[in-house]
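Protein sequence lines correspond, in order, to chains A and B. Residue numbering for the first sequence follows numbering that gives the first Met the number 0, starting at 0 and increasing by one per position. Residue numbering for the second sequence follows numbering that gives the first Met the number 0, starting at 0 and increasing by one per position.
Any given hint could turn out to be false.
[To be verified] Short derived list, chain A residues pointing at chain B, Cβ under 8 angstroms:
(1) F152
(2) P156
(3) D160
(4) T165
(5) V189
(6) G195
[Stated by the list, open to error] Per the computed footprint, the stretches of chain B lying under chain A, defined by three or more beta-carbons under 8 angstroms from a beta-carbon of chain A, are:
(7) 172–181
(8) 193–202
[To be verified] 30 angstroms max Cα-Cα, derived BS3-like pairs, lysine-lysine:
(9) K53/B x K67/B
(10) K78/B x K41/A
(11) K41/B x K67/A
Hints are computed from structural coordinates only; laboratory data are not their basis. It should be emphasised that the depicted structure is a prediction, and the values quoted were computed from it without experimental measurement. Where a beta carbon is used, it is the ideal one built from N, C-alpha and C, also for glycine.
As a plain string of letters, each chain reads:
There are 2 protein chains.
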Amino acid sequence: MQAKRPSKEPEVVDHRTRVGRERRARTQSRIIEAALHVFAGKGPDAPVIEDFIKTAGVARGTFYNYYKSTDELLEATSKWLEDDLIMSIEAAMEELNDPVERLTTGVLLWMKKAESDPAWCAFVVRVRHHGRLVERQLAGDLRAGLRAGDFSFPSLPVARDLVIGTMREAMSRMTQERVPKTHAEDVARVVLQGLGLDSRMVERALSRPLPKIRRLARSIE
Amino acid sequence: MQAKRPSKEPEVVDHRTRVGRERRARTQSRIIEAALHVFAGKGPDAPVIEDFIKTAGVARGTFYNYYKSTDELLEATSKWLEDDLIMSIEAAMEELNDPVERLTTGVLLWMKKAESDPAWCAFVVRVRHHGRLVERQLAGDLRAGLRAGDFSFPSLPVARDLVIGTMREAMSRMTQERVPKTHAEDVARVVLQGLGLDSRMVERALSRPLPKIRRLARSIE
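Just need the whole structure built from these sequences, with the hints factored in.
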């Protein structure tokens with residue numbers, strides 16, 4: 000229920016605008032959901048507009064009201080995934096300050112999201128998308144953990160390759176085979192080891208309870 | 000120079016057969032070299048026959064004498080890369096028995112090959128090809144190192160994700176930016192750490208001289 004609020008526009012126009020906006024958001028959501036599946040299946044380069052129209056079940060004209068090209072839709076889908084990620088994982092990590100705790104939590108939540116959302120997982124694997132925000136925060140945590148003497152690795156880029164590469168490969172395998180319940184934790188463990196965290200600290204990092212995720216559901220509104 | 004060998008066929012036919020076989024091998028080599036570049040640039044799904052014909056500079060009819068489809072060519076290119084890898088890296092590792100030494104050597108030689116052969120590197124990154132032989136040998140080394148108590152990781156598949164994923168990501172970065180001279184060693188270091196090798200053993204593994212590589216040059220003959 001929405002509280003009644005004062006408006007200079009007449010009620011009926013406000014209502015129409017809102018309904019129109021909602022319908023627009025629903026259609027866009029439908030196209031992007033379809034795009035997620037198409038890109039996940041065919042990769043970023045192979046799909047044609049026809050693929051998206053068919054999968055989304057919208058008219059060609061409707062499609063072009065939203066996106067002009069495959070590239071534009073890929074861009075929008077990536078952006079939307081990043082927003083979705085920010086809302087779910089980043090929000091949960093907001094209050095964490097310790098870089099080891101942040102990194103561990105990030106890896107665990109990311110892998111759990113991949114488990115709970117196979118379409119998202121397949122898209123990230125195929126399109127090799129990882130948002131700039133994720134990269135920036137990861138770099139910050141790696142640097143801080145190295146400075147604190149908790150991590151030990153030869154260079155920031157290679158440490159990043161380890162984190163992103165291991166997770167991506169583990170996600171790629173998830174699209175092809177069943178993984179055990181401990182999958183997220185197993186991945187976090189080898190990643191933390193790879194970053195040079197000593198075994199006692201690895202155990203401690205993995206024994207902490209995970210913060211609550213506010214939302215994992217998809218929506219672009 | 001070839002030693003003269005007895006043959007039931009007349010010399011001239013033998014010569015002709017050999018010349019024909021050599022020409023065939025050269026054309027095939029040219030098509031596969033072209034395919035390597037095309038797949039590296041466009042990924043495994045996007046290319047069409049026209050792309051390969053243009054890049055290789057062969058007639059359409061000639062092309063179809065060798066490969067019937069994009070998929071068949073992708074298969075052949077992957078197979079050829081694996082053969083190439085076996086000849087170069089596997090041969091160099093033949094005499095190594097210790098799993099830690101084998102794994103370290105494998106990672107170092109693989110990364111150095113990626114550095115010395117950008118087209119190979121780009122292909123492996125884009126097509127996500129890794130031969131079954133490589134997978135089998137990697138699994139063997141991981142299992143042996145775990146059993147010997149040198150490695151410490153929660154599961155074989157996740158250890159594999161760490162090795163393959165980190166290397167793939169490091170190679171992907173090599174296709175986009177310059178990497179320092181220590182790149183191969185840096186990658187090997189975080190991989191060994193990730194597998195739970197203690198720091199003294201990591202140093203020892205990385206200080207060993209690399210075996211000579213018999214060939215890194217490409218040839219499908």
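>> So, as I understand it, the hint says V189/A touches chain B; can you test that by seeing if any CB pair is closer than 8 angstroms?
In response: OK, holds: V189/A within 8 angstroms of chain B, min 5 angstroms.
> Holds or violated: is the Cβ of P156/A closer than 8 angstroms to a Cβ in chain B?
Replying inline: The hint holds - P156/A has a Cβ within 8 angstroms of chain B, the shortest such distance being about 6 angstroms.
>> Tell me if the straight-line CA distance from K78/B to K41/A falls inside 30 angstroms.
In response: holds (22 angstroms)
> Has the region 193–202 of chain B got at least three residues whose CB is nearer than 8 angstroms to a CB belonging to chain A?
Replying inline: holds (count 4)
> Keeping to a limit of 30 angstroms between CA atoms, is the pair of K41/B and K67/A held or broken?
Replying inline: holds (21 angstroms)
>> K53/B and K67/B were given as a pair; does the straight-line alpha-carbon distance stay at or below 30 angstroms?
In response: holds (16 angstroms)
> Okay, the region 172–181 of chain B and chain A, do three or more residues pass the C-beta test at under 8 angstroms?
Replying inline: holds (count 4)
>> Less than 8 angstroms between beta-carbons is the criterion; does T165/A satisfy it with respect to chain B?
In response: holds (4 angstroms)
> Was the hint right that G195/A lines chain B, CB cutoff 8 angstroms?
Replying inline: holds (5 angstroms)
> Taking the least C-beta to C-beta distance, is F152/A closer than 8 angstroms to chain B?
Replying inline: Given a least distance of 5 angstroms, the restraint on F152/A holds.
>> So, as I understand it, the hint says D160/A touches chain B; can you test that by seeing if any CB pair is closer than 8 angstroms?
In response: holds (4 angstroms)
Hint check: no violations occur; every hint is consistent with the structure.
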